[in-house]
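Whole structure, please, built from the sequences with the hints as guidance.
Residue numbers (the working numbering), protein chains in the order written: chain A, 1 to 173; chain B, 1 to 540; chain C, 1 to 330.
Worth flagging that the hints you see were computed from the coordinates, not collected in a lab.
The reader is advised that the hints may include incorrect statements.
What the hints assert, rightly or not - One-sided and incomplete, this derived list gives chain B residues near chain C with beta-carbon spacing under 8 Å:
#, residue
1, 53
2, 54
3, 55
4, 84
5, 96
6, 363
7, 408
What the hints assert, rightly or not - The calculated lysine-lysine pairs, modelled on DSSO-like cross-linking and capped at a C-alpha distance of 27 Å, are:
#, chain 1, residue 1, chain 2, residue 2
8, B, 55, B, 151
9, B, 83, C, 76
10, A, 147, B, 33
11, B, 360, C, 76
12, B, 137, C, 52
13, B, 33, B, 154
14, B, 147, B, 75
15, A, 138, B, 33
16, A, 142, A, 152
17, A, 102, A, 4
18, A, 147, B, 384
Only a predicted model underlies this, so the values are computations on that prediction, with no experimental measurement involved.
Beta carbons: idealized from backbone N, C-alpha and C, even for Gly.
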Amino acid sequence: MKLKEFLAKNKKVILERWFDRIIDSYPADSSNFLRHERNRFDNPVGYTISRDIEYLYDALCGGMADDRLGTCLENIVRIRAVQDFTPSQAMAFIPVLKDVVKETLAGQTGDCSTDSELTDFNRRVDRLCLLGFDVYMKCREKIYEIKANEAKMRVYKLLERTNLLDRESINEE
Amino acid sequence: MAEKPKKPQELVQSIEYKPPRKRWMDTPVEFHKGTFNYSAAVDKLKYLDLPYPRKWQPTEEDWQLPDNWQEIIHKGFKDRLDKYRSFRVFMDICVRCGACADKCHYFIGSGDPRNMPVLRAELLRSVYRNDFTTAGKILGGLAGGRKLTVKVLKEWFYYFYQCTECRRCSVFCPYGIDTAEITMMARELLNLVGLNIDWICTPAANCFRTGNHLGIQPHGFKDSIEFAVDELEELTGVRVNAPINKKGAEILFVAPSADYFASPHYYTLLGYLALFHEVGLDYTWSSYASEGGNFGLFHSYETMKRLNSKIYMEAKRLGVKWVLGGECGHMWRVIHQYMDTLNGPADFLEVPVSPITGTKFEHARSTRMVHIMEFTSDLIRHNKIKLDPGRNDHWRVTFHDSCNPARAMGLIEEPRYVINHVCNNFIEMPENTIKEQTFCCGSGSGLGTDENMEMRLRGGLPRANAVKFVHEKNDVNILLCICAIDKATLPPLLEYWVPDVEVGGIHEMVGNALVMTGENERLTDLRGTPYPEKEGGENV
Amino acid sequence: MHLFFSLAAVLVLLILVFIGVDVVGWRYLFGVVIPIATIISFILGMLYRVIKWARSPVPFRIPTTCGQQKSLSWIKAGNLESPHNIWGVLGRMVLEVLFFRSLFRNTKVSLKEGPRLVYGSTKWLWLGGLVFHWSFLVIFVRHFKFFAEPVPAWVMALQNLDGFFQVGLPIIYLTDIAFLAALTFLLLRRLVDPKLRYISLAADYFPLFLIIGIAVTGILMRYFTKVDIVGIKEMAMGWLNLAPVVPAGIGTLFYMHLFLVCCLFIYFPFSKLLHMAGVFFSPTRNLANTNRVKRHVNPWDYSVKVHTYEEYEDEFRDVMKAAEMPLEKE
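Next comes the structure, spelled out in structure tokens:
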């Protein structure tokens with residue numbers, strides 16, 4: 001069986017394991033809530049992760065447009081960028097997929113994929129991880145931008161009246 | 001998870017980091033950057049005569065507490081147990097059923113277990129058991145008690161400034177235990193030993209001195225209003241009258257100060273000005289009572305009372321008949337649930353009667369202050385204003401119930417009634433995120449500053465997520481709200497989570513839709529955004 | 001640790017009875033002294049608590065509003081969710097106390113594939129709690145038959161209703177099954193859900209185990225071993241008539257049941273079980289949302305230092321004058 005077929009066939013198992021590993025990065029006492037509460041509005045964190053890793057997975061297995069990939073990656077990273085994680089912890093959810101696939105493969109009997117196929121898959125995971133860092137940085141920069149803007153908006157009209165406002169610097173539409 | 005740089009080897013290990021399974025009582029709190037607030041400025045504390053002003057920061061090891069701090073807190077605790085039945089009962093009756101656990105926006109967004117309302121209260125309750133109950137005194141830890149140590153105090157500071165007093169948990173609690181009440185007590189206790197945050201004390205001190213949070217002096221206030229009058233004239237062609245400190249006016253109007261200084265609040269101010277002019281209201285602004293908001297609510301009973309006193313004193317001095325209040329959330333918690341008790345009785349005022357419709361606001365018979373949503377919906381109901389909701393057609397709106405008007409007032413239908421008459425496209429967010437179940441903006445109760453932005457973004461995620469849903473499904477592009485803190489803190493929240501959705505006030509929409517006598521054709525909305533070229537004539 | 005401590009505590013209590021009754025033979029202590037002491041301590045304890053609560057004033061009227069306020073005449077007010085008169089408050093309290101309204105509120109909206117919104121709910125806690133409390137009440141009332149001769153007709157009626165299906169011999173009471181099921185659910189919930197395990201204290205497990213102990217000993221007596229009902233009733237009537245007797249031939253199992261019940265009642269005023277009385281004192285539920293209609297007086301209110309208009313004008317007179325703002329004093 002080719003790796004591609006294997007990944008397609010075991011999609012459900014791999015996704016479940018991947019999701020569990022991501023949720024494990026949260027404190028034990030909240031991970032259960034994040035894991036089991038699947039309501040979109042009561043548990044946006046768990047919901048977003050479970051929904052969007054599926055798209056990411058499909059993209060890694062081939063066959064997804066880049067813009068969609070970007071959106072899904074962003075949805076997850078955006079959340080992790082404001083939580084109590086260091087950058088490496090925040091992004092660790094992507095490379096952990098390599099482990100999950102490896103473990104799932106190990107449980108499989110018979111000749112599966114070749115090493116080169118797996119290397120190729122892993123390389124794509126790495127690329128996704130690097131892309132993720134771009135997104136992460138974008139989010140962090142956004143936070144600083146927001147902080148600066150908010151302070152200005154608070155006294156926006158005052159600044160405007162006293163001509164202290166550089167209009168270009170504020171994303172006012 | 002710490003701020004200190006780690007060695008690469010440690011970093012590799014920490015990627016698989018999973019917190020140790022320790023009981024919450026044994027896990028000391030860490031002050032992560034972006035999740036806590038800075039301490040209050042010494043001069044502001046002195047101005048308000050608050051105890052133990054000193055320079056310190058939460059990240060420092062030594063908080064320079066007074067020597068007898070434990071005694072002070074113990075005494076303060078007892079004092080409050082004797083003064084507030086709510087506090088005593090809430091300390092005693094929680095059964096830890098867990099119904100509140102996943103109702104807190106901070107828990108949902110952060111996953112930090114101590115953000116579950118039940119645990120937030122347990123932070124105090126554990127000390128209560130140890131110090132004030134027989135079982136706790138004898139059994140200690142087994143009865144769920146623990147000694148008040150510096151560690152515990154730091155935990156209090158961290159988590160009680162991570163509660164926005166939104167009261168969502170109290171809706172779901174079978175005994176109505178209100179974490180806001182517990183947080184208020186905890187913050188008062190912290191205040192007794194000089195632990196305050198700047199974002200609460202500086203606005204409070206400014207407000208006490210000048211009448212508004214920013215510390216703008218009277219002439220600056222006058223400038224702001226006049227500037228708005230000019231700008232409204234440019235937009236509509238109508239010159240409105242906006243009297244300030246006018247004796248003998250019928251009504252005193254009090255709005256949160258952000259309405260004159262901040263964006264997008266300012267467009268709501270334009271809305272008020274247009275409306276009052278159009279219906280010919282005999283009213284006045286006051287520079288002395290130019291702040292509806294009351295950060296004292298987030299600080300202590302005394303500070304709240306001191307700041308709030310201005311409204312009635314000014315109403316009396318100016319000789320008005322009653323008071324009208326603008327769009328603000330916590331301001332209305334104070335006015336609705338506290339003002340009359342704190343600084344009443346308002347026997348020098350009259351029972352409010354709308355001079356335009358003649359409606360007697362019986363429900364404000366004693367406090368004699370009316371919410372602008374009640375006032376405007378009454379106007380619309382009696383067909384006293386001409387509205388062209390088509391002028392808001394570029395907005396697809398949804399409405400965020402602000403915590404306090406929803407859960408401390410029950411002001412739920414009035415804003416919806418107004419929106420439905422001034423906007424053609426109104427879409428509600430999902431049911432478990434609005435009305436009494438509304439999610440907080442994540443920045444209320446004095447936490448809306450930039451140093452704790454990450455925490456705010458987490459706490460605001462549940463709200464933003466519901467906005468995102470209607471944005472994607474129904475193309476909603478503006479979130480309306482009736483709270484100054486919302487208007488300040490939802491824009492950054494949405495900018496992060498749901499770009500492309502703006503934030504505005506309901507009276508901004510009223511101002512857009514209001515057909516004013518003698519106005520020019522509106523080429524732009526109140527924000528100055530041009531309307532698309534009209535095909536054919538105007539069909540008002 | 002909390003869990004095992006609580007379990008151990010209940011087991012120790014049971015062993016105490018065994019030693020006390022079977023080994024030492026203190027039947028009078030366990031059959032008379034402790035039950036009467038329990039009644040006295042329960043009453044005094046509850047009085048102490050309730051008086052303590054009642055003595056703390058309610059400085060502000062702070063109801064949590066869960067529905068529309070009463071404002072303009074043409075807007076429908078939600079009297080049960082945001083009460084505007086005494087009937088609304090009573091209704092709200094009745095719904096809360098008898099039907100656990102707030103727990104019932106746990107409605108959720110979920111998005112199913114489609115996408116379409118589906119309204120579901122997570123009412124397990126509500127259901128478990130309701131079944132537990134109601135069956136406890138029915139079982140408690142059924143026990144009145146031991147305290148009155150002749151047994152009141154309504155107690156008999158309740159008992160017959162409870163055994164409506166006439167299954168088993170002796171007839172199995174529905175509430176016994178429901179009670180056990182609800183107890184199991186409430187305990188498992190605490191053990192299985194990490195969120196709940198995290199927040200649970202010994203004070204949460206102990207009453208659960210105590211009540212389980214009471215239920216199990218009770219059920220063993222009724223369905224599996226023979227007990228001397230006539231003797232037990234004689235003893236119970238003895239407490240009421242203040243003419244205590246200790247009939248011979250009452251088994252250890254009964255003493256265990258009785259002792260655990262005593263423990264529960266002694267423990268009651270010093271524990272979270274107080275919520276039974278406390279719910280009536282909760283200011284966010286038992287007050288009407290009539291804040292702006294009627295002034296609420298704070299009994300300990302005191303005056304504070306304010307910033308008067310005169311002080312304000314004194315400080316800013318110059319700038320106000322320059323800005324041509326009206327002044328009190330030129």
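Outcome of the hint check:
1. A cut of 8 Å between beta carbons decides the hint on residue 53 of chain B: the least distance to chain C is about 16 Å, and the hint is violated.
2. About 21 Å separates the beta-carbon of residue 54 of chain B from the nearest beta-carbon of chain C, more than 8 Å, and the hint is not met.
3. Nearest Cβ of chain C to the Cβ of residue 55 of chain B: about 25 Å, over the 8 Å cut. The hint is violated.
4. Annotation: residue 84 of chain B was flagged as interfacial toward chain C, and the flag holds, the nearest CB pair being 6 Å apart, inside 8 Å.
5. Among the interface hints, the one on residue 96 of chain B holds; its C-beta lies about 5 Å from the nearest C-beta in chain C, closer than the 8 Å criterion.
6. The closest approach between the C-beta of residue 363 of chain B and any C-beta of chain C is roughly 5 Å, which is under the 8 Å cut-off, so the hint is satisfied.
7. Proximity of residue 408 of chain B to chain C holds as hinted, the smallest CB-CB distance being about 6 Å (cut-off 8 Å).
8. At roughly 19 Å between alpha-carbon atoms, residue 55 of chain B and residue 151 of chain B fall within 27 Å of each other, so this suggested pair holds.
9. Our distance criterion of 27 Å between C-alpha atoms is broken by residue 83 of chain B and residue 76 of chain C, whose separation comes to about 36 Å.
10. Of the pairs offered as hints, the one joining residue 147 of chain A and residue 33 of chain B holds, with about 14 Å between alpha carbons and a cut-off of 27 Å not exceeded.
11. Only pairs whose Cα atoms come within 27 Å are accepted, and residue 360 of chain B paired with residue 76 of chain C is accepted, the gap being roughly 17 Å.
12. Among the hinted pairs, residue 137 of chain B with residue 52 of chain C is consistent with the structure: their alpha-carbon atoms are about 18 Å apart, no more than 27 Å.
13. Restraint check: the Cα-Cα separation between residue 33 of chain B and residue 154 of chain B comes to about 15 Å, which is no more than 27 Å; the hinted pair holds.
14. Of the pairs offered as hints, the one joining residue 147 of chain B and residue 75 of chain B holds, with about 15 Å between alpha carbons and a cut-off of 27 Å not exceeded.
15. With a C-alpha separation of about 19 Å, the suggested pair residue 138 of chain A and residue 33 of chain B falls inside the 27 Å cut-off, and the hint holds.
16. Restraint check: the Cα-Cα separation between residue 142 of chain A and residue 152 of chain A comes to about 15 Å, which is no more than 27 Å; the hinted pair holds.
17. Simply put, residue 102 of chain A and residue 4 of chain A have alpha-carbon atoms about 14 Å apart, close enough for the 27 Å limit, and the pair holds.
18. Note on residue 147 of chain A and residue 384 of chain B: the hinted pairing is violated, with a Cα-Cα distance of about 42 Å set against a maximum of 27 Å.
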